[in-house]
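Line order of the protein sequences matches chains A and B. The first sequence begins at 74 in the working numbering and counts up one residue at a time. The second sequence begins at 3 in the working numbering and counts up one residue at a time.
Be aware that one or more of the hints could be misleading.
If we take Cβ atoms under 8 angstroms as the criterion, some of the chain B residues that face chain A in the derived model are [to be verified]:
id, residue
1, Ala92
2, Gln267
3, Leu268
Calculated Cβ distances over 10 angstroms to all of chain B for the following chain A residues [to be verified]:
id, residue
4, Gly119
5, Thr134
6, Thr139
7, Gly151
8, Ala158
9, Leu167
10, Asn198
11, Met217
12, Phe220
13, Gly224
14, Ala262
15, Ala267
16, Leu270
17, Ile294
18, Pro311
Calculated from the structure, these hints are not laboratory results. Computed from a predicted structure; not experimentally measured. Glycine residues also receive a C-beta, built at the ideal position from the N, C-alpha and C atoms.
Now for the letters of each chain:
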Amino acid sequence: MSTRHSRAAARLMMTPSVLLLLGWMLIPLGLTLYFSFLRYNLLMPGTETWAGWSNYYYFLTDPSFTTAVRNTLVLVGGVLVITVAGGILLALLLDQPIWGRGIVRLLVIAPFFVMPTVSALVWQNMFMNPVNGVFAWLAQTMGMRPFDFFGRAPLASIVWIVSWQWLPFATLILLTALQSLDQEQMEAAEMDGAGPLSRFAFITLPHLARAITVVILIQTIFLLSVFAEILVTTNGGPGMATTTLTYLIYVQSLLQFDVGMGSAGGVIAIILANIVAIFLMRMIGRNLDR
Amino acid sequence: MARAVPLPRKALTTALAWTIGVLMFFPILWIGILAFRTEVDAIRPPLQVLAAPWTTESFAAVQQRSNYLRHFTNSVVIALGSTAIALLVAIPAAWSMAFVPSRRTKNVLLWMLSTKMLPPVGVLIPIYLIFRDAGLLDTRTGLVIVLTLINLPIVVWMLYTYFREIPAEILEAARMDGATLRSELLFVLLPMAVPGIASTVLLNVILAWNEAFWTLNLSAARAAPLTAFIASYSSPEGLFYAKLSAASIMAIAPILLIGWVSQRQLVRGLTFGAVK
Numbered sequence: 074m075s076t077r078h079s080r081a082a083a084r085l086m087m088t089p090s091v092l093l094l095l096g097w098m099l100i101p102l103g104l105t106l107y108f109s110f111l112r113y114n115l116l117m118p119g120t121e122t123w124a125g126w127s128n129y130y131y132f133l134t135d136p137s138f139t140t141a142v143r144n145t146l147v148l149v150g151g152v153l154v155i156t157v158a159g160g161i162l163l164a165l166l167l168d169q170p171i172w173g174r175g176i177v178r179l180l181v182i183a184p185f186f187v188m189p190t191v192s193a194l195v196w197q198n199m200f201m202n203p204v205n206g207v208f209a210w211l212a213q214t215m216g217m218r219p220f221d222f223f224g225r226a227p228l229a230s231i232v233w234i235v236s237w238q239w240l241p242f243a244t245l246i247l248l249t250a251l252q253s254l255d256q257e258q259m260e261a262a263e264m265d266g267a268g269p270l271s272r273f274a275f276i277t278l279p280h281l282a283r284a285i286t287v288v289i290l291i292q293t294i295f296l297l298s299v300f301a302e303i304l305v306t307t308n309g310g311p312g313m314a315t316t317t318l319t320y321l322i323y324v325q326s327l328l329q330f331d332v333g334m335g336s337a338g339g340v341i342a343i344i345l346a347n348i349v350a351i352f353l354m355r356m357i358g359r360n361l362d363r
Numbered sequence: 003m004a005r006a007v008p009l010p011r012k013a014l015t016t017a018l019a020w021t022i023g024v025l026m027f028f029p030i031l032w033i034g035i036l037a038f039r040t041e042v043d044a045i046r047p048p049l050q051v052l053a054a055p056w057t058t059e060s061f062a063a064v065q066q067r068s069n070y071l072r073h074f075t076n077s078v079v080i081a082l083g084s085t086a087i088a089l090l091v092a093i094p095a096a097w098s099m100a101f102v103p104s105r106r107t108k109n110v111l112l113w114m115l116s117t118k119m120l121p122p123v124g125v126l127i128p129i130y131l132i133f134r135d136a137g138l139l140d141t142r143t144g145l146v147i148v149l150t151l152i153n154l155p156i157v158v159w160m161l162y163t164y165f166r167e168i169p170a171e172i173l174e175a176a177r178m179d180g181a182t183l184r185s186e187l188l189f190v191l192l193p194m195a196v197p198g199i200a201s202t203v204l205l206n207v208i209l210a211w212n213e214a215f216w217t218l219n220l221s222a223a224r225a226a227p228l229t230a231f232i233a234s235y236s237s238p239e240g241l242f243y244a245k246l247s248a249a250s251i252m253a254i255a256p257i258l259l260i261g262w263v264s265q266r267q268l269v270r271g272l273t274f275g276a277v278k
């Protein structure tokens, strides 16, 4: 039904979306790139001068950059390990015949719908607070000293909170993938004498490989941008202990008003995120052909 | 062909699954209880919290402390407004790509998605400065614009995957039976497209409601939606457990319900069709 006329109409129907996204991408991106080469501070308007590569030089050689990259890797890596491992186990469990599976499923996915500021504040105050928190009470009941989570292990505490938010996502997607597993193949392997562990390793895991990759890639893109959880709990501190790359750029640009430096950091963040995005886009694109 | 499972084993997996489910849900359940306690009772040890009397005074206190209803309205306006505009722009685009695909369709789709992969912090400064100069900082209009744009790729993508499942033959059959263009759209296409559009709307409302990068950075007192309002409870006022809980439970309840209703469609929307 595609005549030349309908093709022209189709192009017209796509124009608004394409133009909006093109503007949304090119204008800010171009400005960030341009600012990154300026010496530009919002506190001293009108004094912008060309800075060459110096913003990049200072951003990359600042010790806080190294710390921020390390914290980002710990945060993203930690959450990925917890959510993927936990997600596989939970998906396997929920795939078993159990009573009230529908309700358990609802309970498990619920954290995904809680807004980041709520989950961060609730965990920090109601659970991890060393005086009034539920964990402190549990520790005391068992005769242990309460642990000051945010004081002694701030980054791990944030990893924990973010993992709680993303575990449902991993579980839901892996469970969906698990449900398309060929049961007859499983039974055949069982009859051939394959134990539960080798069935998992040689049938289930390869079947899940694709879904696991998708989970890792999508989560990485979102985890690189974790912001609210840090802002409301630690403000990047104590010291630099929970400052990630995203948070560092936010501090440079909107708290220290150093537009040039913040933009250089922004360009670096875009490059890092794109490395992940390329792999993700390839997988999605391959799926589109089928 | 479900195999018979030994009863003890089923009982055991059931117990394990329920334990984990309740533990995962517990933080939400806990603020649901704390919200109905007095401030004094809320900081007692957990067993005494459970035994304490129920009260709704915290909800009134939240509204008194700062105009909660306004922030709630902001969230509703921003989430629904951005979703409505994104739909208006995305439906024609998704429609044409699904029914009149060309060689470039796939590349256009992937390019649209790639804009979603841009880390927001990378464009924070330009957007902030443009908004400042245009007077859009701390306005609902500004937040609607940003959230429309950041979710547009997901909306186009989701609608596309749904529209593509509508068989084009049905349209031709309707046309052969003498349906006019208007009745073709109204009685053939629309009923088939509605479920897909509905789940797209639900997912987008969830994403927009919980968005916490742009809403925190681009709003202050006036336009702040619930994400930013809750953030104002961080120290030292976070110590008001009952009020924080009451504000939080009201902020997450509507979205939790929507999420539960639409959970089956979420996987498709969140993985861009990469997992089915």
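**OP:** Against the structure, test the hints numbered earlier, and report the numbers of the ones violated in rising order.
**Re:** 2, 9, 10 and 17
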